[in-house]
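Could you put together the complete structure from these sequences and hints?
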Amino acid sequence: AQSVTQLGSHVSVSEGALVLLRCNYSSSVPPYLFWYVQYPNQGLQLLLKYTTGATLVKGINGFEAEFKKSETSFHLTKPSAHMSDAAEYFCAVSPSLYDGGSQGNLIFGKGTKLSVKP
Amino acid sequence: DTAVSQTPKYLVTQMGNDKSIKCEQNLGHDTMYWYKQDSKKFLKIMFSYNNKELIINETVPNRFSPKSPDKAHLNLHINSLELGDSAVYFCASSQDLFVDTQYFGPGTRLTVL
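Here the protein sequences line up with chains X and U, keeping their order. Residue numbers are given in this note's numbering: position 25 of the first sequence equals residue 25, and the series is strictly consecutive. In this note's numbering, each residue carries its 1-based index in the second sequence increased by 118.
Treat the hints with care, since some could be wrong.
Claimed, not checked - Listed next, the in silico SDA-like pairs over lysine to any residue satisfying Cα-Cα at most 25 Å (straight line): (1) Lys49/X x Gln6/X; (2) Lys49/X x Pro79/X; (3) Lys162/U x Gln2/X; (4) Lys49/X x Asp214/U.
Claimed, not checked - Some residues of chain U that are not near chain X, with every Cβ distance over 10 Å (derived): (5) Thr131; (6) Asn144; (7) Gly146; (8) Lys158.
Read the hints as simulated data drawn from the structure, not as lab findings. Note that CB positions come from ideal geometry on N, CA and C, so glycine has one too.
Written as structure tokens, this is what we have:
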């Protein structure tokens, strides 16, 4: 079965520091990959997604992620953290139909809470 | 204008009751979803509807039933509520089922006493 692993349930960085949130997936066929952000008491908002093509994907709010097939990873980064980045971040995959996936079935990781210290 | 809206935002009820959560999207999307987020923030898909057809039905108890009166609405009915049903329920929509961005509603926090 498809799965998504987010290393670190809680990451704390200082304002201005690099943000690195890790995501690994299990799949024999590259899935489609997403990062969503959830601010307190709100729904999820798409940060970025990878489907095909360029493996470095740029998203909103200065975030980017790189798809590395050899490492089955899709880590999220931002060069300089801002206080407003404090939120819960979810990595998700939409498994390929060729890998037993169901269309539209997003499988989420358990989330990483990002705290930003002044 | 809110793209995906849910009502109510909070729902507190007793065990054994029946309740509904409403969802509406004004994006003209063809597919809508219901997700459950538990107390540990884990998100799991419950249902999706595409052109008024149920496409995905994960291992969800049959006490939960989605109802779609039209393409813009997907309501969630829950019968005989149990303590374990307490969670935040999110509605989402996307243009279609294929790799498309899902837009989420603000969530409904259900508390079963």
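**Verdict on asparagine 144/U as a residue remote from chain X, using beta-carbon distances over 10 Å** = Non-interface label on asparagine 144/U holds, nearest chain X Cβ at 15 Å vs cutoff 10 Å.
**Beyond 10 Å from every chain X Cβ - status for glycine 146/U** = Glycine 146/U clear of chain X: closest Cβ-Cβ about 17 Å, beyond 10 Å.
**Message:** For lysine 158/U, is the shortest CB-to-CB distance to chain X above 10 Å, so the non-interface label stands?
**Reply:** Non-interface label on lysine 158/U violated, nearest chain X Cβ at 7 Å vs cutoff 10 Å.
**Message:** Hint check: lysine 49/X vs proline 79/X, CA-CA at most 25 Å. Holds or violated?
**Reply:** holds, 18 Å
**Request:** Given the hint that lysine 49/X pairs with aspartate 214/U, test it: the Cα-Cα distance must not exceed 25 Å.
**Result:** holds, 16 Å
**Prompt:** threonine 131/U: least C-beta distance to chain X exceeds 10 Å?
**Reply:** holds, 20 Å
**Message:** Hinted pair, alpha-carbon criterion (25 Å max): lysine 49/X, glutamine 6/X. Please report holds or violated.
**Reply:** holds, 16 Å
**Prompt:** Are the Cα positions of lysine 162/U and glutamine 2/X separated by 25 Å at most?
**Reply:** holds, 13 Å
Violated hint: 8 only; the structure is consistent with all others.
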